[in-house]
Amino acid sequence: MKLPQNLSFHPKLAAAFEVIFGAIFIWWLGLIGAWWILFVWAGFRLLFWAVLVRLVSYPTEVNRWHHFVSLFFFGLGALSFILFVEWGWTVWLLRLAFVFGPALSFWLVPVKGNELSFVLKPYRRWQFLSCVFGLAGIWSGVYAVLSLQIFNINRWWWFLSATVLSALLAGWWWKEYGILRDKKFLLWQIVLGIIFLETAWAISLWPLGFFINGLLLSWFWYVLWLLGRFQLSKLGVNWKKQTPFLIINFVLLILFLLLIARWK
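Going by full-length UniProt numbering, the first residue of the sequence shown is number 1, and it counts up by one from there.
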């Protein structure tokens, strides 16, 4: 059934609906006892988001279906985290994120075109963070599936599929930040994919849990994406400014591995 073109409602009303139905979906998820029901659940979750995105009033400068794609990435990653992470307080934090993360993305949708100058930036950044969160969950799920041997599929197919998804996500967000899609753009996308595939394989050899592996890879993806964004811009990478950023991230990574990560 085709929805009327003039049927729409305020983004903040959509955020309220998202909180209510997000809580219902979390409750339903706890009742699932079979894989096929999980796929039905995921289908209804995506359908609800699609309907919500279709009905919300967006300014012409904002692509509603880009919002849906970011919700898809977030939902896939959040579901992966919820299914495989078993630490009590972490599970509750992830459930809260699953409810309030998408709701906040609707809350931040600009209402009027003349507000875009100061409202669009938080909305876009939250979309980006949602995708990074989703990517961390997707990779954690890949490592969990391989560690628990849930499916009898070669690990390289899992690595390759998740790497392609990571490279496509990087390209999408480069374009969102105004980078032109040319040969240099595609070359960087391929290089990022190759480096990421090798890193994913190397991290799989470390005696770490799948949750930590996913966080490390999403962290590494963000650093690569950021360097790629600057390199592809007209100004290029300002190494004088970026060197302290890289050093700080390296130090934080070492501290994270030594003080927070659990080694097997």
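Hints are computed from structural coordinates only; laboratory data are not their basis. Keep in mind the model is a prediction, meaning the values are calculated, not measured. The reader is advised that the hints may include incorrect statements.
FRET-style restraints, in silico, Cβ to Cβ [unchecked claim]:
{"no.": "1", "residue 1": "W89", "residue 2": "L129", "range": "17 to 23 Å"}
{"no.": "2", "residue 1": "T60", "residue 2": "A202", "range": "44 to 50 Å"}
{"no.": "3", "residue 1": "Q149", "residue 2": "T60", "range": "45 to 51 Å"}
Each computed DSS-like pair below joins lysine-lysine, with the alpha-carbon atoms no more than 27 Å apart [stated by the list, open to error]:
{"no.": "4", "residue 1": "K121", "residue 2": "K175"}
{"no.": "5", "residue 1": "K240", "residue 2": "K121"}
{"no.": "6", "residue 1": "K12", "residue 2": "K183"}
{"no.": "7", "residue 1": "K240", "residue 2": "K184"}
{"no.": "8", "residue 1": "K12", "residue 2": "K184"}
{"no.": "9", "residue 1": "K175", "residue 2": "K234"}
{"no.": "10", "residue 1": "K175", "residue 2": "K240"}
{"no.": "11", "residue 1": "K183", "residue 2": "K234"}
{"no.": "12", "residue 1": "K175", "residue 2": "K241"}
{"no.": "13", "residue 1": "K184", "residue 2": "K241"}
{"no.": "14", "residue 1": "K121", "residue 2": "K241"}
{"no.": "15", "residue 1": "K234", "residue 2": "K184"}
Beta carbons: idealized from backbone N, C-alpha and C, even for Gly.
Going down the list of hints, with the structure as the test:
1. W89 / L129: 17 to 23 Å: 21 Å Cβ-Cβ, so the 17 to 23 Å window holds.
2. T60 / A202: 44 to 50 Å: Once the Cβ atoms are compared, 45 Å apart, the range 44 to 50 Å for A202 and T60 holds.
3. Q149 / T60: 45 to 51 Å: The hint (45 to 51 Å, Cβ to Cβ) holds, given that Q149 and T60 are roughly 49 Å apart.
4. K121 / K175: Holds - the C-alpha atoms of K175 and K121 are around 15 Å apart, at most 27 Å.
5. K240 / K121: holds, 26 Å
6. K12 / K183: violated, 41 Å
7. K240 / K184: holds, 23 Å
8. K12 / K184: Roughly 40 Å between the alpha carbons, so the hint for K12 and K184 is violated.
9. K175 / K234: holds, 14 Å
10. K175 / K240: holds, 25 Å
11. K183 / K234: Measuring from Cα to Cα gives roughly 15 Å; hence the hint holds.
12. K175 / K241: holds, 23 Å
13. K184 / K241: Holds, because 23 Å separates the two Cα atoms, which is no more than 27 Å.
14. K121 / K241: Given that 27 Å is the threshold and the Cα spacing comes to 22 Å, the pair holds.
15. K234 / K184: Holds. K234 to K184 sits at ~12 Å (cutoff 27 Å).
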